[in-house]
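Since the structure of chain A is already known, use the hints to place chain B on it.
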Amino acid sequence: MMKGNMIRDYVCSDRTVCHEAYRKMRLIRRFEERVIQLVNANEIAGTTHEYIGEEAIAVGVCSILKQTDIIASTHRGHGHIIAKGGDVKRMMAELFGRVTGYNHGKGGSMHIADLALGIYGANGIVAAGVPIAAGAAWAAKLRNTGQVAVAFFGDGGANQGVLHETMNLAAIWKLPLIFICENNQYAVTTASTFATAGPGISHRAAAYGFPGHLVDGMDVERVMGAVLEAVELARSGEGPTLLECKAYRYQGHFTAERALKLTYRLQDEIDLWRGQDPITRWAATLLERKILSSEERDAVDNEVEAQLDEAVAYARASEWPHPDEAFQDMYVTDYPGLPARGYEWNAK
Amino acid sequence: MTYLQALREALMEEMRADPSVVVLGEDVRQSLRGITKGCLEEFGPERIWDTPISEAAFVGMGTGAAMAGLRPVIEFQIGTLLFVVMDQLANQVQKLRYMMGGQGAIPVTYIVPGSGARPGLAGQHSDHLYPLLMQCGLKVLMPATPRDAKAMFTAAIRENDPVVLFAPSAVMGTRGLVPEGDICAPLGVGEIRRPGTDVTVLVSAPLLAETLKLAARLESEGISVEVLDPRSLLPFDHELLEKSVTKTGRLIVFDDANRTCGFAAEVAAYAAEKLFGFLKSPVIRITRADLPVPFSIALDKYVLPSTEQLERAIGQVMQYRHPLLDVTLQGGR
Numbered sequence: 028m029m030k031g032n033m034i035r036d037y038v039c040s041d042r043t044v045c046h047e048a049y050r051k052m053r054l055i056r057r058f059e060e061r062v063i064q065l066v067n068a069n070e071i072a073g074t075t076h077e078y079i080g081e082e083a084i085a086v087g088v089c090s091i092l093k094q095t096d097i098i099a100s101t102h103r104g105h106g107h108i109i110a111k112g113g114d115v116k117r118m119m120a121e122l123f124g125r126v127t128g129y130n131h132g133k134g135g136s137m138h139i140a141d142l143a144l145g146i147y148g149a150n151g152i153v154a155a156g157v158p159i160a161a162g163a164a165w166a167a168k169l170r171n172t173g174q175v176a177v178a179f180f181g182d183g184g185a186n187q188g189v190l191h192e193t194m195n196l197a198a199i200w201k202l203p204l205i206f207i208c209e210n211n212q213y214a215v216t217t218a219s220t221f222a223t224a225g226p227g228i229s230h231r232a233a234a235y236g237f238p239g240h241l242v243d244g245m246d247v248e249r250v251m252g253a254v255l256e257a258v259e260l261a262r263s264g265e266g267p268t269l270l271e272c273k274a275y276r277y278q279g280h281f282t283a284e285r286a287l288k289l290t291y292r293l294q295d296e297i298d299l300w301r302g303q304d305p306i307t308r309w310a311a312t313l314l315e316r317k318i319l320s321s322e323e324r325d326a327v328d329n330e331v332e333a334q335l336d337e338a339v340a341y342a343r344a345s346e347w348p349h350p351d352e353a354f355q356d357m358y359v360t361d362y363p364g365l366p367a368r369g370y371e372w373n374a375k
Numbered sequence: 013m014t015y016l017q018a019l020r021e022a023l024m025e026e027m028r029a030d031p032s033v034v035v036l037g038e039d040v041r042q043s044l045r046g047i048t049k050g051c052l053e054e055f056g057p058e059r060i061w062d063t064p065i066s067e068a069a070f071v072g073m074g075t076g077a078a079m080a081g082l083r084p085v086i087e088f089q090i091g092t093l094l095f096v097v098m099d100q101l102a103n104q105v106q107k108l109r110y111m112m113g114g115q116g117a118i119p120v121t122y123i124v125p126g127s128g129a130r131p132g133l134a135g136q137h138s139d140h141l142y143p144l145l146m147q148c149g150l151k152v153l154m155p156a157t158p159r160d161a162k163a164m165f166t167a168a169i170r171e172n173d174p175v176v177l178f179a180p181s182a183v184m185g186t187r188g189l190v191p192e193g194d195i196c197a198p199l200g201v202g203e204i205r206r207p208g209t210d211v212t213v214l215v216s217a218p219l220l221a222e223t224l225k226l227a228a229r230l231e232s233e234g235i236s237v238e239v240l241d242p243r244s245l246l247p248f249d250h251e252l253l254e255k256s257v258t259k260t261g262r263l264i265v266f267d268d269a270n271r272t273c274g275f276a277a278e279v280a281a282y283a284a285e286k287l288f289g290f291l292k293s294p295v296i297r298i299t300r301a302d303l304p305v306p307f308s309i310a311l312d313k314y315v316l317p318s319t320e321q322l323e324r325a326i327g328q329v330m331q332y333r334h335p336l337l338d339v340t341l342q343g344g345r
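Protein sequence lines correspond, in order, to chains A and B.
With the first sequence counted from 1, adding 27 to any position gets you the numbering used here.
With the second sequence counted from 1, adding 12 to any position gets you the numbering used here.
So here's chain A without its partners, still in its complex pose (with noise of 0.2 Å):
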């Protein structure tokens, strides 16, 4: 199913790398499916973008990720924040909209951050977090910091301007950043095929005379390979790499889209994709490898629900947040009159 210039084969040996892949991919999948469930019952308001069947990407990219390197994610973001170490708690009170969140229930789910861990924010505009990644890449590049930056976006940020503006940016500049282009195939319910002109999307570097590779996204092993040279080429000052990860999106483009009972792919296709899914394929490739057992993934999958069920009751129990909450933080510095209310004289 794959074509284009593929990236040299890659074998991750370290047990420890292989079974923290296995145990964040399944980790996503079962936080996402809980979502799922939780916006179904109104818990959760409002709609999320689902993670599933892309999980390789966001794990295969992060385990070869520093902490201390910066990623800006997408709406479909949960994946990206899980993969790059973050709180299921604080992510599960976000999406409850509890003042225990990480963004105190201002956020939701499509702006998750954590800047201490290098999290630049999931993004509810298409492509809008890459230049903010690429800055980040350039304030690395000017302190000698040695940090790289990683912009995800999908196959629909492909084909907006500020993605090229960029592109072309960090190719002039050399930034120490890496374009991760998530290809699941559809934009909303528009096909990748029907929008993308030219031979792919991976091709698109060669414009701007970087590397770009198509890699199989649903193969964790073969992104962090990619991901691997990638980050290579960022440290030494060798500028920018596109990675177009093929890969599919087992649910709709959001919780809501079930009832809209869209037509726009098939059941024979999503069937197809499905067969291939990320984590069994890693589970049975570990397994063959003997650097997994059957008992070890049954506990990690023991350990996942328990995160989950502890995340779940976590989120239900934490306070809302104050009324106050929200006229704090739009600025680090406050004036009378700041932010202005909508009705009350606010003196402050």
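No lab work stands behind these hints, which were simulated from the structure alone.
Incorrect hints may appear among the rest.
[To be verified] Going by beta-carbon spacing under 8 Å, a handful of chain B positions derived as facing chain A:
1. L52
2. G56
3. T75
4. G81
5. N103
6. R109
7. G116
Keep in mind that this is a model prediction, so the values were computed, not measured.
Every residue, glycine too, gets a C-beta built ideally from N, C-alpha and C.
Just chain B, lined up with the frame of chain A:
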């Protein structure tokens, strides 16, 4: 010292004092607009970066770099380029800290030199779009004098939030005294440029000089005009406005932005809500027409706010007769 030199002095002093201050923009190394002249020679290419024509990308980069600890100063070659980057300004830089629940800080300064209309630049180079940014909650400054240019640019760079500083074309060439040494004006503090007792004219920077001239002439005709320069549009000095209007009882807002939902509309609405009992006449707005600025110098004056309009409006508020009371409300309180 000219206004432009004052801006340059502020920038260079901040760059000397703080190595995290870096400049991004189009043609800033050659310094097409003059503010960054000498920066490349003194600070080297690592501190001042020419960008491609990619406004959305470099504004977004400024955001990310500020989150990572730099203090970028971003120059807009043309004020209307702000339209091009509205997602990165309105949806990203100003919202991120709030949406993140107060994590981090984003200290970016955007400087817009030569903002507003100049003769012959026509529809796409002439808007003064500060109201749009204020509605998004961005802090907006618009100094009118060389002293304020230095003090407020310094304040903007030191502020730990995004700040937009408009340096209007009408004042860029003006000269004035700038005190020696470190000067920094607090945000949210306006200034009475000329005290008066009959009518308050709140005037935005590009219209200040002609307003002062008119006020001097009207004084000799027996009308005492108080001229209020807000300097900082957001935060805004409501206290000074209240003080002035409770004294004069009349308010005209003479502003260089568009009319609908404009800065003048906000000031007028505030006066109507909070100062109703002190007003002897309706608040009048003089603004741009909601039109692109036409090219021809025979036409642009009908779209831009003018001193003739201001003089008429002053006459109007001084002669105002209340329809129910059928009297002209005279004198002080």
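Cross-check of the supplied hints:
1. L52: It is violated, given that the least Cβ distance between B:L52 and chain A is near 15 Å, above 8 Å.
2. G56: With a minimum Cβ separation of about 11 Å from chain A (threshold 8 Å), the hint on B:G56 is violated.
3. T75: holds, 5 Å
4. G81: holds, 6 Å
5. N103: holds, 6 Å
6. R109: holds, 6 Å
7. G116: Holds: closest Cβ of chain A sits about 5 Å from B:G116, inside 8 Å.
Hints 1 and 2 from the earlier list are contradicted by this structure; the remaining hints agree with it.
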